[in-house]
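4 protein chains.
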Amino acid sequence: MREMPPSHPFDDDKLREECGVFGVTGVAEAANFVALGLHALQHRGQEAGGIVSYCPEEGFNSARRFGYVRDNFTKASLMGTLPGSIGIGHVRYSTAGSKGNTAIRDVQPFFGEFSMGGAAIAHNGNITNAAALRAELIDRGSIFQSSSDSECIIHLMARSLQRNIPERMKDALRRVEGAFSVVAMTRTKLIGVRDPLGVRPLVLGKIGDGWALSSETCALDIIGAEFVREIAPGEMVVISAEHGVESFRPFEPSPSRFCIFEHVYFSRPDSILGGRSVYETRRQIGVELAREAPVEADIVCPVPDSGTPAAIGFSHESGIPYGMGIIRNQYMGRTFIEPTEQIRNMGVRLKLNVNRALIAGKRVILVDDSVVRGTTSRKIKEMILDAGAKEVHFRIASPPTAWPCFYGVDTPEREKLLASHMTESEMRDYLAVDSLRFISLDGLYRAVGEAGGRDSTCPQYCDACFSGDYPVAPRDMIEKGFRLKAAE
Amino acid sequence: MREMPPSHPFDDDKLREECGVFGVTGVAEAANFVALGLHALQHRGQEAGGIVSYCPEEGFNSARRFGYVRDNFTKASLMGTLPGSIGIGHVRYSTAGSKGNTAIRDVQPFFGEFSMGGAAIAHNGNITNAAALRAELIDRGSIFQSSSDSECIIHLMARSLQRNIPERMKDALRRVEGAFSVVAMTRTKLIGVRDPLGVRPLVLGKIGDGWALSSETCALDIIGAEFVREIAPGEMVVISAEHGVESFRPFEPSPSRFCIFEHVYFSRPDSILGGRSVYETRRQIGVELAREAPVEADIVCPVPDSGTPAAIGFSHESGIPYGMGIIRNQYMGRTFIEPTEQIRNMGVRLKLNVNRALIAGKRVILVDDSVVRGTTSRKIKEMILDAGAKEVHFRIASPPTAWPCFYGVDTPEREKLLASHMTESEMRDYLAVDSLRFISLDGLYRAVGEAGGRDSTCPQYCDACFSGDYPVAPRDMIEKGFRLKAAE
Amino acid sequence: MREMPPSHPFDDDKLREECGVFGVTGVAEAANFVALGLHALQHRGQEAGGIVSYCPEEGFNSARRFGYVRDNFTKASLMGTLPGSIGIGHVRYSTAGSKGNTAIRDVQPFFGEFSMGGAAIAHNGNITNAAALRAELIDRGSIFQSSSDSECIIHLMARSLQRNIPERMKDALRRVEGAFSVVAMTRTKLIGVRDPLGVRPLVLGKIGDGWALSSETCALDIIGAEFVREIAPGEMVVISAEHGVESFRPFEPSPSRFCIFEHVYFSRPDSILGGRSVYETRRQIGVELAREAPVEADIVCPVPDSGTPAAIGFSHESGIPYGMGIIRNQYMGRTFIEPTEQIRNMGVRLKLNVNRALIAGKRVILVDDSVVRGTTSRKIKEMILDAGAKEVHFRIASPPTAWPCFYGVDTPEREKLLASHMTESEMRDYLAVDSLRFISLDGLYRAVGEAGGRDSTCPQYCDACFSGDYPVAPRDMIEKGFRLKAAE
Amino acid sequence: MREMPPSHPFDDDKLREECGVFGVTGVAEAANFVALGLHALQHRGQEAGGIVSYCPEEGFNSARRFGYVRDNFTKASLMGTLPGSIGIGHVRYSTAGSKGNTAIRDVQPFFGEFSMGGAAIAHNGNITNAAALRAELIDRGSIFQSSSDSECIIHLMARSLQRNIPERMKDALRRVEGAFSVVAMTRTKLIGVRDPLGVRPLVLGKIGDGWALSSETCALDIIGAEFVREIAPGEMVVISAEHGVESFRPFEPSPSRFCIFEHVYFSRPDSILGGRSVYETRRQIGVELAREAPVEADIVCPVPDSGTPAAIGFSHESGIPYGMGIIRNQYMGRTFIEPTEQIRNMGVRLKLNVNRALIAGKRVILVDDSVVRGTTSRKIKEMILDAGAKEVHFRIASPPTAWPCFYGVDTPEREKLLASHMTESEMRDYLAVDSLRFISLDGLYRAVGEAGGRDSTCPQYCDACFSGDYPVAPRDMIEKGFRLKAAE
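Residue numbers (my numbering), protein chains in the order written: chain A, 0 to 487; chain B, 0 to 487; chain C, 0 to 487; chain D, 0 to 487.
Bear in mind the hints are in silico, worked out from the structure with no lab data behind them.
None of the values given here were measured: they were computed from a predicted structure.
There may be inaccurate statements among the hints.
Where chains are identical, the list cannot tell them apart; a pair therefore holds if satisfied intra-copy or between any two copies.
Stated by the list, open to error - With a straight-line Cα cutoff of 25 Å, these simulated DSS-like cross-link-like pairs (lysine-lysine) come out:
1. Lys380 / Lys74
2. Lys389 / Lys378
3. Lys415 / Lys169
4. Lys169 / Lys13
5. Lys415 / Lys484
6. Lys169 / Lys378
7. Lys205 / Lys380
8. Lys205 / Lys484
9. Lys479 / Lys380
10. Lys378 / Lys205
11. Lys484 / Lys389
12. Lys415 / Lys479
13. Lys13 / Lys484
14. Lys169 / Lys479
15. Lys74 / Lys389
Please build the complete structure, drawing on both the sequences and the hints.
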């Protein structure tokens, strides 16, 4: 069932992480900490956010809002309705299916009242057998209140025969395929789980006598929590005042396949992933790129803001000076609410302006994180040439994005990905630039610390968006006609 | 799970009908008709309203809002999101349990997606075994999204083994005890059901080639529909383009026990109930009252607006002139949003003012529809005396309200009902008026057309609020400690 | 300069009072009292309201809002910004010129900072030489911030050479022609003024050690103030803690010409005007009408709510029973916000419904307060006939409205007034009713207490809307081409 | 007169430009271009914005809103109310006096209706004799509607005896002392003026057959206009379809004193000021700073975002690698709406996070644009040390800010400026850093292109905030007790 969309998102030609999750227990006014954590994770989902908290006097309380965390979950009038020392939260972008039609009921955390008490869950990832699960659950009498696939988890829990919530969650997640990092809570327990492949991140932090779970370490920093460790792929942690942090392994063991694009773009540069600084990894990608695809030029400029660390690395390695050739409007946010037609047509100029004086007459290297549809890259190239650049050389800090992601990232359909039907040189001609080079898949693996490059028999990461090598079969999509690489 | 309350209702010492339901099929832009119908039923529930519609191109759509129908469901921007030729709607006051804490999720209609398609239901009444049903359903894995008892119905339907929705609804309603008038819809069918006792009203209307179901006939008038007949107690009608109006009798037969308070106060005076004009019944109550409890006086004044028809009848029968001794502020609405303390203390003066010039020096008969807590009656009496009335005689158009209603009416706890612990003469002393008389129960039955008065072996109406004779045992309340009359 | 209109008013075929004014001094939290007073005067202006208060610590504060008083000036968050023991307020409908285009800057009170301190004024009435004054003031360098004629007064005050504010106000008002009842305030003084003819009402009340000024006595009642007296035509009162109530007569003496339509429709029935109860006057109009224009019939019904007292009087005099043949929807308010086209077409049915059971087969007398365009009367007649009435007789509690008002009442242009181009019998044919009779002008004067009827050489009231006899020449309108009766 | 504040600004320890102005003529839908221009100038004022446009059919229209341009002036519903081919706009921060208490009436442009037609003006700067002018104008009968000093200009124009608006504007501005860049409009003319010293910027652009005026060139870029030239100090341009761009010199000639802080911080890096790229000037400041105050270190990090170009220049000159040691939260905006106490206490952590992996164990040079109160610098230093830095060296891209600005910049009172009562070494001790160095005043002049440094007999720029040398006596402030440097 549809409800009115809240606003019209302004497309900006990037892959998008769809969710961030955060939870905390053992602190006064937990919801305020959750709000801060979600604010630090806002880059993982800007459309909406939700928080659930629990206190013995008032039970479970929740609030879900469209818009930024800072605009909603900071008001004393709202936060006062979320008392208690345990809470979880979620920020979301929209899923591919319901884009622009999201109802507030689709905003997580989801909540279920079971006979042994209530539980709330927040999910980052994507369930690849959700359609099949949903049909089965409806057939047995479950009533779905949202269009979100993640709601399956709470219904599976409701039908479990186990007598406590952590066991019911194990039951439920064993039926789920795909990628998931889940943060959940009961009246007394904070729970974190990662899928067996560990596709999406999840970390554990310590704050005073309490604990926090977060998609990224940058959200531990904002609340002053100490980073303890990553939750391991396939691990479930159950955190309570009584037993501290208990670790379980509810799934069959499996080799890790962490999303390599988290290093390239999704995660914040000040986060730590797999023991490595994201900023340093990105700078190293620039170094690799300068080695793989050197070019004579006068200046290295990032496409702001995500291309910045790789541009710095390229400059360091190549010795070509670094400069800000493109200036980003700080007041853009991600959306123009209900833009007029004239404003909609302004496109990239609303967000970026060329620093003409720096660019005029120069041979310019532009470092960007990725090329998706190529539409923005074309416009940037035109702006640079209009400003009088003599040459434009694109260097891209990821391999060509040729395949959609089915593990919790918003990607266009395959045919809309420029790299799905063009070679690197065709793309160069299409973009009409003097040169265009992507980092190689091996170069990327080296930059993330795999000195030997990609292990093609058993890749160390999920790189399906580059390679078409999907570690979990996207069952629902195959039902709908998606063809795997092997089938082409 | 609680969410923020929308506003603080302003108590005004009346029993309150909790819901109105309306549905229509076979008309273009059905949702607009539903909005009009709900506007005409607004007196049955002012807190919130919801509409669901269906069209083949866009499926089911819904909108639920706090506030008046006229303030929400009239905007083209909202109504444009509710296309289709079939729709149902609901207006609600809050239930006793959740007053002031209602979440938008508690606002009906409720919707469920079943394997054979979706259904939406709107419920007027109260389920007296809801707590037991809810516990049983949760135990089997149903997840409740609201705190509303009415949600049980949709979960019972989801678990039915029947292969079509009307049969599932029969299954579900056979498990439900209490009072219910239900309007429901599928993609092609409009469905109406009344409980076996027919406690709450439900009528059928014809509009062009289409049909309407409504709590009251006044809502048929507003859309220009013709009043066809009442849905009978225990009847289910299923209305479709294919088969027209089909009638079923899914329950065990039972003698009718329609709520007599609908005649006294809840229904609009321009509605027809049981073949009788509500206005005329109320005028007749005034006539009976003048016969039962005559008094010498100079003027008969209604407590506006609900006491007006009985006051007219009292004047007709007694020959004492009718006059407007109390003037109601038209701009009051039912609530003052977030009143300051000073304004809250103004109480009844915000809504009523005495017409001093008419009252001064007079012996005044005040006709009111009921006495609940007695707080408002006291204040009105004081206003009348302050204005210089020589005598004040209260005549009440209903018997003493001594028992709470458990069938869809918001009543205070028993001990807060003035008549639960005071006789008529004690109440007169408490209110400090020259005389106070309630219509007798037999007089009330005569006014509604039962010439022989109340049949005490098998009462023709539900009059539990006056008699303590509950036609359906209030099972959940008994569990919580409520004692029936027999047990006292 | 135009700004966006706030909403689309829903025409309902009545003349409209355009303003109500209220002020209080010598009470704690004066703004709360002003809000209550304005709430009681809401019938005089529903579009917007404003309050100014003063306290020594924070100076002058103001708040102006579109919408009802009860929806805005009741929130603690807003009222807390209006501290102090002196305050004035204003409610407004829109003036003919700017209907639908009102900006918040047009909402009164207006405020001006002079060299001897600030002053705020609220004006009920209309300045008939405003265009000329405005042009003259602009020519000398005044900058108008609103499109409101009333702003002239504050600019005239600013340019006065007098050294204190009451004297400046006298200077200003001596330049103003037309009708005005003004409530104003300085840091220490509450001021009230009526124009020499006393066209619009203004009364003085006492509350504790403080004082109140109000358009009507009903607003004194709501705050518990005692009605002291009316401000006399041509009188200015200056109220201060130091000197109490001082009375001045700044204008040339002139015979009184109070607006007779205040008795007929504008004022609330529970107010006292010229020592007479408005309710009783209206009832007496019904009595006169029954004498002047008797007819055989079965029932007398008011067109709610304004026709009610006259219908009661008609019933009393004629002996024909009184009944509620038309039921008003309590939840209508005056507007449907942004109605869809379908709802807009519903017209009168949204507000009124016929009580069919009472009307069917009867000869019905309908008593209404006035006929303006006649559009609503036609629709009501159709509803009554559709409900099965045998005969319909209209009795109108005012003479034919044939001339526009230029003294603060919103009237259609002359040619749109039905009575401007039709005789009584032509109107009867146009409305297609069995009979139609208006009260005579003499009958109306008798009802307001002038036993000898209207003194045609020197009428006791302003009755220009009936007679075309304008006590003050409408100078600006004559400039624009309006032709007086003598000129026809 | 005060009204409610819209929100509580979140202090962030920077000087703030208070306004940006923009105007355009000769283009269809001029208001859309103004909105885009204001969006590009949003860094000059984030609190509120306003637009006035004119078209012959509808006259002057205006809209003023609190909040970002992108959130208000992009909605078709609002922009459709601003038709016409000529328009001007304004963005504002609040002035020192009314911070947090701004009413919507204080939002520019201001509008006045004169006998020869209307005019709107938007003002960037500050009038140093405003209090005196205001008192004089009030004394003569002008009524101020805002607390803004800029309103004086429109009142002075209203009282001018000149017969056309440009001449009235000359009259008015000749009475005004201080800094002003004004954009104004009549029905047919777009007007731009800079004060004789040219303290604030104003540039002219060409777009198709039309023209634009803007505070900065970056706003010409966004609408695709070509940068023509700067308006000269003391110049007035009057632009019309009939006469094109006409230039006047209404003031006594005076040496130019452009605000040097526009180069340091206020203007956007992609703007051109005085023929120089702002980005390049800031990079050159970093070069000068590296020469004046070298230090051995491992990494140069900007305090984002304003320190970035100078940090790049410092790195280029020193050879020390550039890196992003501090990461800015992109979703911060400038404010947290109504933050809870807990969130307010988070301070700088809400906006900035340390890139721990990059910083740990390093000797870090932090380049910031300025030090005002020093509170933020202390917190940043602590964050850097907490992250494990071995040494922290601050390098500041401006001289010590020791004096408040009275020419349109929001500065704390003198005693709150750290540099007003501490030497460089005292500040180093106060901040507890290993070293702290500001660029010298001569170094800054060299960076902006004055090879010989500052001409102390006749400085080429206004640098009062560093030197205390005020080119226009701040008359109103001196009245209030401010002591000039010479008086100390």
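Exercise for the section: Could you place Lys380 and Lys74 in one of the four classes (within, between, both, neither) given a Cα distance threshold of 25 Å? Expected result: neither (42 Å within a copy, 29 Å between copies)
Practice task
Have a look at Lys479 and Lys380 and pick one of within, between, both or neither, based on CA distance no larger than 25 Å.
Solution key: neither (37 Å within a copy, 55 Å between copies)
Exercise for the section: Indicate which option fits the pair Lys74, Lys389 if close means a Cα-Cα distance not exceeding 25 Å: within, between, both or neither. Expected result: neither (51 Å within a copy, 39 Å between copies)
Handout entry: Copy assignment of Lys415 with Lys484, given that the CA separation must stay at most 25 Å
Key = The answer is within: 16 Å in one copy meets 25 Å, while 66 Å across copies does not.
Practice task
Give the relationship of Lys169 and Lys13 under a CA distance limit of 25 Å: within one copy only, between copies only, both, or neither.
Solution key: neither (34 Å within a copy, 51 Å between copies)
Handout entry: Alpha-carbon proximity between Lys415 and Lys479, which holds within one copy, between copies, both or neither at 25 Å
Key = within (18 Å within a copy, 62 Å between copies)
Exercise for the section: Since the copies are identical, ignore which copy is meant and state whether Lys205 and Lys484 lie within 25 Å (CA to CA) inside a copy, between copies, both or neither. Expected result: neither (43 Å within a copy, 53 Å between copies)
Handout entry: Alpha-carbon proximity context of Lys13 and Lys484, limit 25 Å
Key = Answer is within; shortest intra-copy Cα gap is 23 Å, inter-copy 55 Å.
Handout entry: 25 Å Cα threshold - placement of Lys205 relative to Lys378
Key = Answer is between: at 22 Å across copies they meet the 25 Å cutoff, but 45 Å inside does not.
Practice task
Tell me, please, which holds for Lys169 and Lys378 at an alpha-carbon limit of 25 Å: within, between, both or neither?
Solution key: neither (48 Å within a copy, 44 Å between copies)
Practice task
Since the copies are identical, ignore which copy is meant and state whether Lys205 and Lys380 lie within 25 Å (CA to CA) inside a copy, between copies, both or neither.
Solution key: For Lys205 and Lys380, the Cα distance is within 25 Å only across copies (24 Å; inside one copy 46 Å).
Practice task
Indicate which option fits the pair Lys169, Lys479 if close means a Cα-Cα distance not exceeding 25 Å: within, between, both or neither.
Solution key: neither (29 Å within a copy, 36 Å between copies)
Checked against the numbered hints given earlier, the structure breaks hints 1, 3, 4, 6, 8, 9, 11, 14 and 15 and satisfies all the rest.
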